[in-house]
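Undergrad: Respectively, the protein sequence lines represent chains Z and Y. Residues 41 to 227 (our numbering) make up the first sequence, in order. Residues 28 to 479 (our numbering) make up the second sequence, in order.
Hints in this document: simulated from the structure, not taken from any laboratory. Just so it is clear, the structure is predicted and the values come from calculations on it, not from any experiment. There's no promise every hint is true.
These stretches of chain Z come out as covered by chain Y in the derived footprint (C-beta under 8 Å, 3 or more residues) [to be verified]:
| no. | stretch |
| --- | --- |
| 1 | 88-102 |
| 2 | 136-145 |
Straight-line alpha carbon distances no greater than 25 Å define the calculated BS3-like cross-link-like pairs of lysine-lysine that follow [stated by the list, open to error]:
| no. | chain 1 | residue 1 | chain 2 | residue 2 |
| --- | --- | --- | --- | --- |
| 3 | Y | 30 | Z | 163 |
| 4 | Y | 35 | Y | 249 |
| 5 | Y | 115 | Y | 349 |
| 6 | Z | 191 | Y | 30 |
| 7 | Z | 221 | Y | 30 |
| 8 | Y | 30 | Z | 159 |
| 9 | Y | 174 | Y | 461 |
| 10 | Z | 216 | Y | 115 |
| 11 | Z | 159 | Z | 220 |
| 12 | Y | 35 | Z | 133 |
Selected chain Y positions facing chain Z (Cβ under 7 Å, derived; list incomplete) [claimed, not checked]:
| no. | residue |
| --- | --- |
| 13 | 29 |
| 14 | 38 |
| 15 | 40 |
| 16 | 42 |
| 17 | 50 |
| 18 | 51 |
| 19 | 53 |
| 20 | 230 |
| 21 | 233 |
| 22 | 306 |
| 23 | 359 |
Where a beta carbon is used, it is the ideal one built from N, C-alpha and C, also for glycine.
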Amino acid sequence: MDDKEIIDMYWERDQKAIYYTTQKYENYCFAIAKNILTNREDSEECVNDTWLTAWNEMPPKRPNVLKLFLARITRNSAINRLKAMTAKKRSGKEAAVALEELSECVGDGKDISNELEAKELEKTIGVYVSQLPVREGDIFTRRYFFTDSIKTIATRYGITPHNVSVILQRVRASLKEYLKKEGYIDE
Amino acid sequence: MNKEDLYKSMNGISDEILNRSEQNMLPTPNIRKIKRKYLTIAASIAVVIIIGAVLIISGSRKIKASNLMEGIEAEKDIYGASGDIYAKTITDFSVQLFKECYVDGENLLISPVSVMASLGMCTNGAEGETLRQMEQVLGVDRDTLNKCILGYMSNLAQSEKSKLSMANSIWFKDGLKGVNNGFLQTNANYYGAEIYQRKFDEDAKNEINKWVDDKTDGMIKKIQEEDIPEETVMYLINALSFDAEWEKIYQSHSVREGIFTTETGTEKQVTFMHSTEGLYLEDEDTTGFIKYYKGRDYAFVALLPKENIRMADYVDTLSEKKIGNLMDTSSNGMVFAKLPKFSYDYTIELNKALKTMGMSDAFDFSKADLSGIASGDEGNIYISKVLHKTFISVDEKGTKAGAVTATSTDNGAAPDYHEVYLDRPFVYMLIDCKSNTPFFIGIVSDIGESMN
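Taking the hints into account, I'd like the entire structure generated from these sequences.
TA: What follows is the structure in structure tokens.
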């Protein structure tokens, strides 16, 4: 069954849609959740949340790419769980490292205190990544969207882990400048 | 802005770049892929009816079994009953026998349709009150029973990934004279029975066990452990084996350790397989789900008594009607299911259960009338034992995704989702989906390793 048919089923409120989605994307969503949460059980619960959220969001949403739509939901759900886990001092290892790396790019400045501001920041990041050269953009995306480990990224792009680290460091520095320019952090 | 805000905002990266980052990656020979674990189920059964005679028979001495079916072929224009007839007959008997066999706190696995097939062959040699009692217990007259079993066997779906097969054989002791040709012919017509005659010595035991081993795909190695008793003159054997792969994949992350709690509160360590299922079952005292095997010819039906209902009380409520209603009202929805891995052998001598159900004369050497089997003067023949041996194994191996029946709900409604966790005693059935007929029915009461 192709994704368009599955999305149509969501719009028709046919609950088979969820079943077909689980069949097709359970592995994929689980991998995303597990990268962030590390723990299998938390990751599975997170993926179960994904199916319910997808049902609640379609309609009104009609995603262009179902797989990535689910990826975003899973990622959000995993990050929310990560916060709770961090509070209980059992945070996901890879996500904790990625977050620590991103802390280089933030500082005092604009507070993201509501949904609207969060959406604005998403747009800003979207524009920033779209302007990066392909290789840098891809590696940055793998690391901070999919939370792939440095080692995995190195293997998948045929470069050394050191190379990956250097590229990420360079992009983070450039992102910090961009965020300053956009007024998200103080000069 | 903090680092969490920034991390979350990566959702703003466009679909195009997300896709590109995936497409630009190298193939994955060195990457550990998520290993898919699969669940398959294998179950088999052998039922043997051992028929004895009061007098010891002496006779000719052959070494190997001779095939009595040489020259006897199933007649043409013999038809089986339709699905709706055999489904009700088989399910009704299944539930009755299941209830008779249930012992509080113990695992159970029986294949009532196999018992029916064995007894069915036997009814073709029964007369008078013996026959009447057998028909009453089996729920239909002899002719209808023959047609039900033929109808059932003819409709068994076979594929490479899901196979249910049934075989019948009759073994006569050398020297049993005057075997009735009509008995052989009817069992050939309706049961496709293989019929042999041989000396009942050590080799005979081995030969019978080998036949069972072959017909159950090696799942039941021996039906006859001890030497064949001298008074035994005949074996009617039914063997049924089922080997199938799930339709839906169990992935490695879905398989993990957990606790199964018996009715007495003992906690056992088991391995659970988690999945999302599409067909939910519920009535006033049951929750459950249906899980298909590849090809959707067969399915696993899990019935979990609601909290605080004792299994013994639950078993009492079971009936053909209740099971039919549950299956008819299954609803589409999302079921978060948890199924333990389990595997066990089960052996039961069914004499007591069948006598309690009303079939006593056939077991009584002074009353049994099985004169339709043979007309010799060896003495009155009777059923000395109905031995039922089953095996089930649920383990990991392959499958793929599939569909569920269509339904719609009002726009904006939340999806129905349920949790059915089989982490305490439950009833299960393996059914033929064409007719919703169970061919195995069991209870998992006590599995896993003790926690101490």
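Undergrad: Taking each numbered hint in turn, which are not upheld by the structure, reported in ascending numerical order?
TA: 4, 10, 17, 20, 21 and 22
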